[in-house]
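Peer 1: Chains as they are written, first to last, in my numbering: chain A, 1258 to 1533; chain E, 1258 to 1533; chain Y, 1258 to 1533; chain P, 1258 to 1533; chain Z, 1258 to 1533.
Source of the hints: derived by calculation from the structure; they are not laboratory data. Some hints here could point you the wrong way.
Which copy? The list can't say, so a pair holds if one copy fits it or any two copies do.
As a list, the in silico EDC-like pairs of lysine to aspartate or glutamate whose alpha-carbon atoms are at most 20 Å apart [what the hints assert, rightly or not]:
hint : residue 1 : residue 2
1    : K1459     : E1399
2    : K1326     : E1355
3    : K1531     : E1345
4    : K1314     : E1336
5    : K1531     : E1291
6    : K1459     : E1445
7    : K1406     : D1395
8    : K1381     : E1393
9    : K1314     : D1487
10   : K1459     : E1297
11   : K1531     : D1339
12   : K1531     : E1340
13   : K1430     : E1497
14   : K1326     : D1339
15   : K1430     : E1466
16   : K1326     : E1340
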Amino acid sequence: MVEIYGQEVPQTLEGWYLLHDVYAVNWSRWRAEEPATREEIANQTARWLTSAAGYEKGDSAAYSVLTQKGDLMFLHYRESPDELNYLELSLRQTRLYEFLIPSFSFLSVIEINMYELATLARMKLADQDIIPGSVEYDSAFETEMAKQKSRVQSRLFGDIPEQRYICFYPMNKRRGVKLNWYTLSVAERHDIMRSQGRIIRKYQEQVAEVVSGAIGLDAWEYAVSLYSDDVLTIKRMLYELHFDPAIAVYTNFGPTYVGIRYQPGQLTDLLVGKLK
Amino acid sequence: MVEIYGQEVPQTLEGWYLLHDVYAVNWSRWRAEEPATREEIANQTARWLTSAAGYEKGDSAAYSVLTQKGDLMFLHYRESPDELNYLELSLRQTRLYEFLIPSFSFLSVIEINMYELATLARMKLADQDIIPGSVEYDSAFETEMAKQKSRVQSRLFGDIPEQRYICFYPMNKRRGVKLNWYTLSVAERHDIMRSQGRIIRKYQEQVAEVVSGAIGLDAWEYAVSLYSDDVLTIKRMLYELHFDPAIAVYTNFGPTYVGIRYQPGQLTDLLVGKLK
Amino acid sequence: MVEIYGQEVPQTLEGWYLLHDVYAVNWSRWRAEEPATREEIANQTARWLTSAAGYEKGDSAAYSVLTQKGDLMFLHYRESPDELNYLELSLRQTRLYEFLIPSFSFLSVIEINMYELATLARMKLADQDIIPGSVEYDSAFETEMAKQKSRVQSRLFGDIPEQRYICFYPMNKRRGVKLNWYTLSVAERHDIMRSQGRIIRKYQEQVAEVVSGAIGLDAWEYAVSLYSDDVLTIKRMLYELHFDPAIAVYTNFGPTYVGIRYQPGQLTDLLVGKLK
Amino acid sequence: MVEIYGQEVPQTLEGWYLLHDVYAVNWSRWRAEEPATREEIANQTARWLTSAAGYEKGDSAAYSVLTQKGDLMFLHYRESPDELNYLELSLRQTRLYEFLIPSFSFLSVIEINMYELATLARMKLADQDIIPGSVEYDSAFETEMAKQKSRVQSRLFGDIPEQRYICFYPMNKRRGVKLNWYTLSVAERHDIMRSQGRIIRKYQEQVAEVVSGAIGLDAWEYAVSLYSDDVLTIKRMLYELHFDPAIAVYTNFGPTYVGIRYQPGQLTDLLVGKLK
Amino acid sequence: MVEIYGQEVPQTLEGWYLLHDVYAVNWSRWRAEEPATREEIANQTARWLTSAAGYEKGDSAAYSVLTQKGDLMFLHYRESPDELNYLELSLRQTRLYEFLIPSFSFLSVIEINMYELATLARMKLADQDIIPGSVEYDSAFETEMAKQKSRVQSRLFGDIPEQRYICFYPMNKRRGVKLNWYTLSVAERHDIMRSQGRIIRKYQEQVAEVVSGAIGLDAWEYAVSLYSDDVLTIKRMLYELHFDPAIAVYTNFGPTYVGIRYQPGQLTDLLVGKLK
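Just need the whole structure built from these sequences, with the hints factored in.
Peer 2: As structure tokens, then:
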């Protein structure tokens, strides 16, 4: 719990745990198998993915990754690290795993910053002429926060957006000598995030953004997944964001992965070479 | 859309998507095959490349890469990430792929900065004595921009330049504390790019330059491909550019790949050892 | 020995030597073995781990590691580098080792900073109206320090905390031009550590922290292991710490490993695929 | 062409293209061959090297590399990238290549800075009382420059120095915020290089230095090869250079490779284990 | 030769060349051999090491390396790079080499800074009332320097210290914009080194330090080997040194390797699994 303008609130709300799991295919080994065997193995993988995607508490999807950075990306949303660990272990028991080469993975948890919600709540109270600091105000704030939290449940615990393309990258906030995100005041950080928010909202019809936190979980502090039916729109949105101070000054990017979504059935086609 | 001197224009025009795809050959495994088999496989690859190069919407080419950074580079121009993904997957189905070791790849999209076009358009209007800000001006500007856009279509959607050598490198704009490309004003960026443009134009008869953007697509922000029949000219042009502020101060370079173009038929010669 | 406020004390107290030892499993090779053979090998490993965990002077445990950074992490507490070396060599003699791929390891030694103890001792003396600098004071200080040292024996020489999750990362103190931990005065460092200590104490019921030093032992200066039954609590604690000056300004993090504890018997289940 | 004190001159003179090509030997695979086969393969390699070294336009040599960074370094001087590419491909067709593991390579081209020559030319004219800026001066300068260029032909197009040891490293000029080689004036760069030149000349009897440029060719801007019959002299010269501003302030070093020259015949001895 | 307070002296005295040579063991391949074969191979290696250690001009030793950074470290002291190259090549001819995986190596040469000796010489002359600058002084200085040089011969050309543990790390002196070791004056460097020397001398009974230079030889400028019968003492000494300006401000550390010394006979035990 931290203090924000007089109220103590938890810093972030967390939703599903996320595992981005990228593999290259050992194609020569794979192609050395008989076509019937390959079809059988591909079907087994498709069943594994269908079952994972159908799991009640969470979601799963597969992408064909562009460039040599990988061939397949599995993406899982689950309610605990244990569930994700179970998915990792069950994939390793499939026959396909013999032909997969681990390439990249990232563990994170969907998060929504409480500042964002608290600001929205406070804006609503400002319309209602309640005196800040009064008992009435505190009670109204609590009620409003509960509404806000309820409103964001679908962002915290939703399914994987269904758009055709994913663009995924981990990132850190800068911790330099003169420019250090973590030594800015709450107000300064809030201002910087607001400017970034305007650009993201401009594109929100075309690009779904999922931000997840990874402090204490993996090698970068955050991960961003962008989902869209148009890769150029993702590129243009990120291009604009590069000139926004939150990105231009305070963000260091990790590697970027671009994938095309495959339904479980298409996964079989992909692996057995029935292209297009 | 961003504002430039009063007009709202899209920031960049995009053309073909590009895939630079570098592989090493597993020569000992390759040479363990019978000569007839190798010839057959090389011919299959040549047919694959011929077909890819003949595709209506885009182009494809192959290069012999110098140094241990790779042996073969395939280069594809296509209208969508899906087409490039299809090429990746179809290469993986060739028999040659069994002998290839992924070494480097880069996904980007040809882009032309709208500032460049808007400046040219405005220069032309300046010659015509139309008052900036007038309705007449806006209409004339729009007409002129349409002409400019039409003029650059061949740069956005052209074939791969046919010169013998390619020099390819990805790059980032600097995002340092004191020197940050992304916090400069539009005018400052414009000035810096103009100086760089002068050097590039000086060499344009001997060196064809293709700039592509990769924000949201790959691990660097931009990629540059230089095509020439004389490697020394590329070196001298880049040497001069190193002393230009846009490069000296605001550019961080990725790895450089130099290749010699091979026609599909020569590819067979190369792989079966009929050298020179 | 260094001087602290007039007393010469050793800089740190050291406890067990620690080896964090992460491996990936070569699953395709492992699954090529007959089920009976796998069970036999897994049981042999479980016996090796049970025996290591039961060793009188120290402790041993195993974790299932999340993400592709590894599959299994063995963690050993021992009284000498020789004992850890013996464990390394004895693991290499097990049949399981044929299926393990070394992924990450870290050698360190549990340490408690003497400043911390000296401060506590001095605070107690302050309550007793003894004049600092007097012979009486020095003698009382020595007595109090002996008590403090005795009190921390269980932290220096305890068992591995039994919580379900481990979060492990190595780290360095910053040695920059303007911000250099190692050129701060003792008092400055003390102040910075105190602020960090407040956050750690806030979470101490839910998160057990073990700090170990690695100067002269491995590639980072320190290692931190956090043990908890709730991963989100670890994430929230580290999130808060990121805004504390000791972390925000003076700490560079290495890679983070998250694991789920497995008892020796469960290890067999894990390796032979009896999931959940 | 750039302007220097009123004269337009090309920036650099280029000579042979250089390929430094380092390989590790897969010794266990190599030793699994019959002695007679190994002798045969080693002899084939020796013939390949003899032929490459005897090529009229350029030179070739082999070195035994110290440390695990490699076992063998081939060094080629040739007149075009195509000739170097041919050598790469022909080595890949030798039977030895089956036992080689690519470890490091570097493509560059010998270069001599024109400032150096122009300065020498101008110094000579200063002795002749011709008025700078006069038509006479310009003509005399041109004559003197032609002499200088002719004089350095053997440095640009010479054979590989025959000394027993080679020390090779790539390097970049610093492009920092405050210290940026590429934003210095010509005069400043000239001054800095002159100081460095004094040290190099002091050692020139014992150490032959070949500087080559790699902008647009490989991952570093320059490469330096030092040849000497005494490794300690190379070390002492570089130690002294480390305190010279051109090195201390403006140079970032890449990895260093030290090799011992082997004649083609000795190469066979080396590979078949007839040591010393 | 450089000038120091009026005398020209060589900058450093050099002794044995050093090769630190770290390997991992391919244990699964090793354990696939028959016990008798393993014993035979281990004995061959032990004989190779015994012979190398018994070589008149130099010394050789083996260590069991902690952590996954390696299993075995061979350390050789020899009078020339050629002798070290011979040792590398002869190890590659042993049957054990088939089971070794190169992990790390470092080439350097033991060095003693002449400033250190000149200072000691001058201190002695100061006791003798000879007027600095006089002919008498110069002659006495020369005599005293000869004594000093003779005194350090055993440090330059000694055997490998016999202590149980080795701690090895390469390092660079900082070459930053504001803090650059190589642009400090001789006097400033001297002062900084003196402070560091005090700490090293404090531990000299328990820790033997061998400093070697690697400029022009390998990827770092220096290497430090610390030998002790107590690893904690090494850690404490390095901890103290981290707060000394020469280290805190002017030193960048490479990877640290900790090893336990094995006699040639123990090497056999180690490899055939007769543990403890």
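Peer 1: Now look at each hint and say whether the structure bears it out.
Peer 2: Do the hints match the structure? See the list:
no., hint, verdict
1, K1459 with E1399, "neither (30 Å within a copy, 24 Å between copies)"
2, K1326 with E1355, "both (19 Å within a copy, 18 Å between copies)"
3, K1531 with E1345, "between (27 Å within a copy, 14 Å between copies)"
4, K1314 with E1336, "within (7 Å within a copy, 38 Å between copies)"
5, K1531 with E1291, "within (15 Å within a copy, 29 Å between copies)"
6, K1459 with E1445, "neither (22 Å within a copy, 26 Å between copies)"
7, K1406 with D1395, "within (16 Å within a copy, 47 Å between copies)"
8, K1381 with E1393, "within (14 Å within a copy, 46 Å between copies)"
9, K1314 with D1487, "between (29 Å within a copy, 19 Å between copies)"
10, K1459 with E1297, "neither (46 Å within a copy, 54 Å between copies)"
11, K1531 with D1339, "between (36 Å within a copy, 15 Å between copies)"
12, K1531 with E1340, "between (33 Å within a copy, 15 Å between copies)"
13, K1430 with E1497, "both (18 Å within a copy, 14 Å between copies)"
14, K1326 with D1339, "between (27 Å within a copy, 16 Å between copies)"
15, K1430 with E1466, "within (18 Å within a copy, 25 Å between copies)"
16, K1326 with E1340, "between (26 Å within a copy, 17 Å between copies)"
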